[in-house]
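Visitor: If you want the building blocks of each chain, they are given just below.
Number of protein chains: 2
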Amino acid sequence: MSLAVAVVDATEPGNVGTIARSMKNFGFSELLLVDPPELDPDGEAYGFAGQAREDVLPNARVIQFEELVAEYHTVGCTAVTNEDPTKHTRYPFSTPRELADGLDGVEADTAIVFGRERVGLTNDELAELDEICSIPASEDYPVLNLGQAATIVLYELRTLTLDSTQHPDQRHERAEEAAIEGLHDQFADFLVAIDHPEEKRPKVRRLWRRLLGRAHPTGREARTLRGLFRKAAQRATGERSDRDDR
Amino acid sequence: MSLAVAVVDATEPGNVGTIARSMKNFGFSELLLVDPPELDPDGEAYGFAGQAREDVLPNARVIQFEELVAEYHTVGCTAVTNEDPTKHTRYPFSTPRELADGLDGVEADTAIVFGRERVGLTNDELAELDEICSIPASEDYPVLNLGQAATIVLYELRTLTLDSTQHPDQRHERAEEAAIEGLHDQFADFLVAIDHPEEKRPKVRRLWRRLLGRAHPTGREARTLRGLFRKAAQRATGERSDRDDR
Numbered sequence: 163m164s165l166a167v168a169v170v171d172a173t174e175p176g177n178v179g180t181i182a183r184s185m186k187n188f189g190f191s192e193l194l195l196v197d198p199p200e201l202d203p204d205g206e207a208y209g210f211a212g213q214a215r216e217d218v219l220p221n222a223r224v225i226q227f228e229e230l231v232a233e234y235h236t237v238g239c240t241a242v243t244n245e246d247p248t249k250h251t252r253y254p255f256s257t258p259r260e261l262a263d264g265l266d267g268v269e270a271d272t273a274i275v276f277g278r279e280r281v282g283l284t285n286d287e288l289a290e291l292d293e294i295c296s297i298p299a300s301e302d303y304p305v306l307n308l309g310q311a312a313t314i315v316l317y318e319l320r321t322l323t324l325d326s327t328q329h330p331d332q333r334h335e336r337a338e339e340a341a342i343e344g345l346h347d348q349f350a351d352f353l354v355a356i357d358h359p360e361e362k363r364p365k366v367r368r369l370w371r372r373l374l375g376r377a378h379p380t381g382r383e384a385r386t387l388r389g390l391f392r393k394a395a396q397r398a399t400g401e402r403s404d405r406d407d408r
Numbered sequence: 163m164s165l166a167v168a169v170v171d172a173t174e175p176g177n178v179g180t181i182a183r184s185m186k187n188f189g190f191s192e193l194l195l196v197d198p199p200e201l202d203p204d205g206e207a208y209g210f211a212g213q214a215r216e217d218v219l220p221n222a223r224v225i226q227f228e229e230l231v232a233e234y235h236t237v238g239c240t241a242v243t244n245e246d247p248t249k250h251t252r253y254p255f256s257t258p259r260e261l262a263d264g265l266d267g268v269e270a271d272t273a274i275v276f277g278r279e280r281v282g283l284t285n286d287e288l289a290e291l292d293e294i295c296s297i298p299a300s301e302d303y304p305v306l307n308l309g310q311a312a313t314i315v316l317y318e319l320r321t322l323t324l325d326s327t328q329h330p331d332q333r334h335e336r337a338e339e340a341a342i343e344g345l346h347d348q349f350a351d352f353l354v355a356i357d358h359p360e361e362k363r364p365k366v367r368r369l370w371r372r373l374l375g376r377a378h379p380t381g382r383e384a385r386t387l388r389g390l391f392r393k394a395a396q397r398a399t400g401e402r403s404d405r406d407d408r
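Respectively, the protein sequence lines represent chains G and C. To convert, count from 1 in the first sequence and add 162; that's this note's numbering. To convert, count from 1 in the second sequence and add 162; that's this note's numbering.
Bear in mind the hints are in silico, worked out from the structure with no lab data behind them. Hints should not be assumed to be uniformly reliable.
[Said to hold, decoys possible] Facing chain G, from chain C, some residues (calculated, C-beta under 10 angstroms):
| id | residue |
| --- | --- |
| 1 | E245 |
| 2 | D246 |
| 3 | K249 |
| 4 | T251 |
| 5 | Y253 |
| 6 | S256 |
| 7 | E338 |
| 8 | R392 |
| 9 | A395 |
[Said to hold, decoys possible] Here are the simulated DSS-like pairs of lysine-lysine, each with C-alpha atoms no more than 25 angstroms apart in a straight line:
| id | chain 1 | residue 1 | chain 2 | residue 2 |
| --- | --- | --- | --- | --- |
| 10 | G | K393 | C | K249 |
| 11 | C | K365 | C | K393 |
| 12 | C | K362 | C | K393 |
| 13 | C | K393 | G | K249 |
| 14 | G | K362 | G | K393 |
| 15 | G | K365 | G | K393 |
[Claimed, not checked] DEER-style ranges, computed between Cβ atoms:
| id | chain 1 | residue 1 | chain 2 | residue 2 | range |
| --- | --- | --- | --- | --- | --- |
| 16 | G | D271 | C | K362 | 46 to 56 angstroms |
| 17 | G | E343 | C | E339 | 49 to 59 angstroms |
| 18 | G | G389 | C | E216 | 26 to 36 angstroms |
| 19 | G | D271 | C | A394 | 23 to 33 angstroms |
| 20 | G | Q332 | C | E200 | 36 to 46 angstroms |
| 21 | G | S191 | C | E339 | 18 to 28 angstroms |
| 22 | G | D202 | C | R280 | 35 to 45 angstroms |
| 23 | C | E343 | G | V231 | 53 to 63 angstroms |
Every residue gets a Cβ at the ideal spot worked out from N, C-alpha and C, and that includes glycine.
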């Protein structure tokens with residue numbers, strides 16, 4: 163599947179640049195422009211595009227709306243949806259996350275279509291497009307800036323365009339269970355060493371177990387804390403650790 | 163829980179305005195500014211803020227970084243994370259969606275903290291903050307524009323701030339099952355009426371069942387198509403519908 167982004171009748175070059183940057187951030191490369199503003203290489207479009215000024219923006223293709231409809235499976239994005247299910251211009255619609263699920267595995271040249279600032283896509287334009295997508299937002303003020311709306315939809319569709327992200331595979335390396343239990347044992351010894359009242363020890367050990375249970379310590383965190391409690395216990399009982407004697 | 167947004171040392175008033183607008187779009191109201199640029203009521207901050215120029219932006223509070231750390235549970239947002247789990251400045255971290263899950267049900271005055279353009283939050287700043295959040299993006303170019311990054315995080319946290327969205331409760335009113343089966347019966351009659359080869363009818367009925375099965379027709383869609391097939395069948399067999407005789 164190819165996933166293109168189409169912007170219809172934008173007036174602010176800066177918005178086109180912002181969209182180009184978000185495209186590059188989320189693995190999109192094909193930008194289609196219907197009736198675009200002039201994109202001066204020294205102006206705001208290139209100024210806002212970040213590294214997309216090198217490829218996405220200069221490679222953008224100017225296209226007629228009719229060509230867009232003819233060549234692509236089209237998804238029109240709008241903040242304003244129908245309540246009345248008998249009217250099909252803006253109904254039924256998907257949220258961006260549902261759209262990502264719906265397009266997953268579908269082989270189709272697809273264009274995600276965003277409309278002009280202020281009024282978005284018109285009813286006549288939406289009627290020509292195949293699917294409708296709408297970002298859930300505050301009912302008091304659901305209309306996002308054009309660049310922000312495109313960024314959110316592309317963020318949700320990233321699962322279709324990116325094989326991997328900048329994140330390490332393991333975002334949170336949890337300590338081995340044995341290391342965590344070792345820390346709990348050390349904590350128990352520590353309570354004895356600092357002479358915490360015996361009858362209160364089970365309760366405070368339970369409190370500590372709950373806190374660590376929620377925090378999922380990393381290996382480094384578990385080792386470091388265990389070392390601190392060992393050292394504190396030794397100091398409290400007047401011992402010296404081997405390490406300190408070296 | 164209160165959820166505030168903090169922006170540290172931004173230089174572009176337009177970015178502050180964009181963030182204020184996204185805050186209003188996703189149900190946030192408390193904007194905290196550390197070392198902000200001048201926000202001229204006739205300048206870009208107010209120009210980009212949309213309806214947030216009425217409340218979020220004029221109500222923004224200028225605050226010292228140390229006050230922010232002291233008064234709030236803080237979440238620092240950064241594109242650049244650690245790979246090495248023994249270094250804790252940028253590790254472990256959550257994605258925005260995980261952050262929303264993690265904060266759900268927690269009673270705490272929380273501030274989501276975004277850094278300056280270009281370099282984001284510094285290591286020294288991140289070290290003072292309680293949690294780290296990072297948006298998954300292209301490994302080739304993971305650094306989003308400040309306004310775009312804030313918009314995505316606020317979008318993901320909307321479930322904590324919005325009771326309802328602009329969308330109708332039912333985003334897709336599926337037809338009653340009986341109406342869809344009625345359409346299938348009508349389609350079968352239609353195949354007979356247009357004299358589609360008898361041996362091919364089961365296959366094309368199956369094809370039609372699969373297509374409707376994926377599309378989940380609305381009541382209106384099912385009724386309209388049923389009417390069209392009925393009319394076509396009548397025309398094909400030379401009948402006239404009652405309606406046409408009226």
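Visitor: The structure should be examined with respect to each hint, and the outcome stated for every one.
Guide: Here is what the structure says about each hint:
1. E245: holds, 5 angstroms
2. D246: holds, 9 angstroms
3. K249: Constraint on C:K249 satisfied, holds at 8 angstroms.
4. T251: Check failed: Cβ of C:T251 comes no nearer than 12 angstroms to chain G, outside 10 angstroms.
5. Y253: Holds: closest Cβ of chain G sits about 8 angstroms from C:Y253, inside 10 angstroms.
6. S256: Holds. Min distance 8 angstroms.
7. E338: Status violated, d = 13 angstroms.
8. R392: violated, 19 angstroms
9. A395: violated, 24 angstroms
10. G:K393 with C:K249: holds, 22 angstroms
11. C:K365 with C:K393: holds, 23 angstroms
12. C:K362 with C:K393: Within the cut-off at roughly 22 angstroms; holds.
13. C:K393 with G:K249: It holds: about 22 angstroms lies between the C-alpha atoms, which stays within 25 angstroms.
14. G:K362 with G:K393: Holds. G:K362 to G:K393 sits at ~22 angstroms (cutoff 25 angstroms).
15. G:K365 with G:K393: Between G:K365 and G:K393 the Cα gap is close to 23 angstroms, so the pair holds against 25 angstroms.
16. G:D271 with C:K362: 46 to 56 angstroms: violated, 31 angstroms
17. G:E343 with C:E339: 49 to 59 angstroms: holds, 54 angstroms
18. G:G389 with C:E216: 26 to 36 angstroms: violated, 54 angstroms
19. G:D271 with C:A394: 23 to 33 angstroms: holds, 32 angstroms
20. G:Q332 with C:E200: 36 to 46 angstroms: For C:E200 against G:Q332, whose Cβ atoms are near 44 angstroms apart, the range 36 to 46 angstroms holds.
21. G:S191 with C:E339: 18 to 28 angstroms: violated, 43 angstroms
22. G:D202 with C:R280: 35 to 45 angstroms: violated, 23 angstroms
23. C:E343 with G:V231: 53 to 63 angstroms: violated, 33 angstroms
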